[in-house]
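Chemist: What follows is the residue order along each chain.
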Amino acid sequence: MAIDNHAEVTSSLAFLDSAALRIPTLSLLQADGSLTTGAKAPPLHQKLAEKLYRDMLYIRCLDERMVGAQRQGRLSFYLTCTGEEAAVAGTIAAFQPEDMVMAQYREQLALRFRGFSTAEFMNQLFSNAQDVGKGRQMPVHYGSRKLNFMTISSPLATQIPQAAGYAYGQKLSGQDACTLCYFGEGAASEGDFHAGLNMAAVLNCPVVFVARNNGYAISTPASEQYAGDGIAARGIGYGIKTIRVDGNDILAVYAAALEARKIALNNSCPVLIETMSYRLGAHSTSDDPSGYRSAEEEQQWRQKDPITRMKNWLIKQQWWQEEVDQELQKSFRSEILQELKAAEKRPKPALDTLISDVYKTPPAHLLRQLTDLESHVAKYPESYQMHGEGGR
Amino acid sequence: MIEGVQEMKTSRMNLLQAVNSALDTAMSGDQRVVCLGEDIGKFGGVFRATSHLQEKYGKQRCFNTPLTEQGILGFAIGLAAQGSVPVAEIQFADYIFPAFDQIVNEAAKYRYRSGDEFNCGGLTVRAPYGGGIDGGLYHSQSPEAYFCHTPGLKVVIPSSAYQAKGLLLAAIRDPDPVIFFEPKAIYRASVGEVPEGDYEIPLGVAEVVLEGSDITLVGWGAQMVQINKAAEMAATVGISCEVIDLRSLLPWDQQTVADSVTKTGRLLVSHEAPLTGGFAGEIAATIQEQCFLSLEAPISRVTGVDTPFPLVQEAYYLPDHLKIYEAIVASLAY
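For the protein sequence lines, the chains are G and D, in the order given.
Residue numbers are given in this note's numbering: position 382 of the first sequence equals residue 516, and the series is strictly consecutive.
Residue numbers are given in this note's numbering: position 211 of the second sequence equals residue 215, and the series is strictly consecutive.
Treat the hints with caution; some may be incorrect.
Stated by the list, open to error - Partial pick of chain G residues on the chain D-facing surface, computed with a CB cut under 8 Å:
| hint | residue |
| --- | --- |
| 1 | Gly267 |
| 2 | Ser278 |
| 3 | Arg279 |
| 4 | Met284 |
| 5 | Ser287 |
| 6 | Pro289 |
| 7 | Thr292 |
| 8 | Ala298 |
| 9 | Tyr302 |
| 10 | Gln304 |
| 11 | Asp326 |
| 12 | Met333 |
| 13 | Asp491 |
Since the hints were made in silico from the structure, they are not lab data.
Ideal Cβ positions, reconstructed from N, Cα and C, are used throughout, including at glycine.
I would like the entire structure built from these sequences, with the hints used as guidance.
Modeler: Structure (structure tokens):
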């Protein structure tokens, strides 16, 4: 059916600009851990709040340790979540284990929340034979069928239309579940973002999109990424219920995400959350932010650290003590180091996994190519090593 | 013919009706099968391949999408990953390129990159391809070679109504993503008896259409019409051609072609796509490796010209039966 144009008719010639719609930012928690005036905290009970805080702290420790490991040459590459822990923790906590997560690559906290173990992180990071991904992808491209966490793909934004399709399938098969899709403000410039949001809206897909606006896409600041009012304004353009939240405010993020999941499932429609935050670390271990942003700017955002803010709130609730913090970090660090050492020693996947999973069953031409390769390698056994083996 | 198919009730269908019949059969047999694409809903698609499917199976399972090929592919991949069996239509193969990233970087690598944690094997992408309809640059292309260069995909092209139904059903049920190019030039011209029931033609297996002893002619899709015509012409001057319809390009049936060339000593491959980087080059390279000592003449490629697809010069561009016939004669005279 063609859509009726309900627009009001006017005789005055006037163009609209983004000032016509200024989207506010939901903020509930202040830096000192007290609520903003008039704010009502979401129903975040003590047990879940503590778990979220522990997971945030764990990921901060993991990220610090793995950047160190990369600097020591033990790892080829790493990406941190540093500065955006609340944006990921607050959203994943509002979803159920049966909901599918389709993430970008900076959301390792969602995996931790669902029970991904330190050994599982390490096996992927070191591409060993115990990695469920069979050592095929660069570090941080995690995936887990049992945890409903779709394997990460490097090309940006490709997961966005896929999340719409996944959610449509969940609805079609009568599942009481939805899809949670993460991406950054840079990825939102890709065509797949526009395709995916439009399709999700038109085809009524129960998917919650979380745009992590962390201010930078590698070196490109948000001001050189878009001219409109962030990513949130686009959601409204596509006819999607949209909210912008302070991404460093665990309570605001959690409150918005709880409501978003409810809307997506009850109304069978997409919802967009834009979390406003800051990438405190480099884009990746291959990047050095000092070339494009000031230490002062970073310092300003360090004052707004989401983990400290949550800790202040927990302490005010009398649910946490500073001493526990120190102990916890110590035990996380020691567990991470131990698993790191174990994972880097584990053997690499066997050579025949080079050709498995290209197709469900390897076709004749691939089997022949493997046989040829194996006989060649047998002739020069010293000349070939798996990546990461032999002191590379 | 596949076993059991002989006993099935058949009716006269053109290639388009056979595609429609395959989709109908797949959707009625499996609730998870979903058709999506531009204009494919109530309207039944610009070529009517999805006619009446929305009426029969509802708007949830046969639906229009916004005009976004990358979106259609991304959406269909997500559906397949979830466990549905999507059949996505790209209105013309010429418009598949916005979806290239989703096909090449996503669909093709889904199982591999996740270590088989996830896959989108339920995915089938249908797209009408090829010239012969005065379509000029953007309604005529044959982009199969781009996809044949991508491990993880299967590429299938039928040349008749019977093949279209059997191959499409096999593609839909195949555990890997399949790109299914339909020869639109013969959508209505190719008419034959097609079983009304359910049957599959295995992927990756070529069909020897005509047995012969002097030269092997290999092709697929609409080009089989030109190849068969050229073989008939050659027969009138006493040249016996063995004609092979590849049906699947990825993976392709190397054994059948190699066995034939070992017998005939000569090979000609013909496709509408341009010469350079075309799939004929791949076949030629493989066959010269496998049949080097049997070859009596250089392997011949009769293809489109290395230009964009023309409009007014279409007849000159296309590798028609006369060009193929001349190449056959030249090969025999070598």
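Chemist: Need the list of violated hint numbers for this structure, in ascending order.
Modeler: none
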